[in-house]
Amino acid sequence: RNPRKSAVLCLFYPIKGVPHFCLTQRNSYDGVHSGEVCFPGGSCDEEDLNLEATALRETFEEVGIARQHIEIMTNITDVYIPPSNFLVTPFIGICKHTPVFTPNPREVESVINVPVA
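As numbered in my numbering, residues 847 to 963 make up the sequence shown, in order.
What the hints contain is simulated information worked out from the structure, not anything from laboratory work.
None of these values were measured; they are calculated from a predicted model.
Honestly, I wouldn't trust all of these hints.
Unchecked claim - Subject to a maximum C-alpha distance of 20 angstroms in a straight line, what follows is the list of computed DMTMM-like cross-link-like pairs (lysine to aspartate or glutamate): (1) K851 with E898; (2) K862 with E893; (3) K851 with E892; (4) K851 with D894; (5) K942 with E882; (6) K851 with E893; (7) K851 with D924; (8) K942 with E898; (9) K942 with E917.
From just these sequences and the hints, can you work out the full model?
Given below as C-alpha cells:
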C-alpha cells in the first residue's frame, strides 16, 4: 500500500532533577488523529535530509524546541499506523535542560510532561 513515511521524537529532559518525556494532545479537527495524545512528529517532507531531520523539524514546528537543543540517541522499530497509512520511525532524544515548550496552536492543544520515575 506504499505507506507514507513519517517520524516522531520521544524527547527526554529533566524537570527538577526528575526525568520526563513529552507527549502532545492534538487539536480537534476533521481527521483520523483528531484529539489524540502522541509524540511530536509527522510526515517526511521533500526538504528533510532523512527521517531524523523529519522528527527534529516536526518537534520544532509543534512544540518549539530547536534541534540544537536535542541530542538524538537512536531510532527504534518502525510502527505502521493503519488508519492513516503511515509508517512511523520513532527516535529517542535528550535535552540536557528543562525545555520551554511553545505549542503551535494550529496543531497542538497541550503539551504533557510525563515523569519517568
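Structure-based check of each hint:
1. Pair hint K851 plus E898 holds up; C-alpha atoms about 12 angstroms apart against a cutoff of 20 angstroms.
2. As the CA atoms of K862 and E893 are separated by approximately 37 angstroms, the hinted pair breaks the 20 angstroms bound.
3. With a C-alpha separation of about 11 angstroms, the suggested pair K851 and E892 falls inside the 20 angstroms cut-off, and the hint holds.
4. With a CA separation close to 11 angstroms, the supplied pair K851 and D894 stays within the 20 angstroms bound.
5. Between K942 and E882 the alpha-carbon distance is near 27 angstroms, which puts this suggested pair outside the 20 angstroms criterion.
6. For a cut-off of 20 angstroms, the pair hint linking K851 to E893 stands: about 13 angstroms separates their Cα positions.
7. For the given pair, K851 sits about 10 angstroms from D924 by alpha-carbon distance, which is consistent with the 20 angstroms threshold.
8. In summary, the hint linking K942 to E898 is supported, as the alpha carbons are separated by about 19 angstroms, within the 20 angstroms threshold.
9. Restraint check for K942 and E917: the C-alpha separation of about 9 angstroms stays at or below 20 angstroms, so the hint holds.
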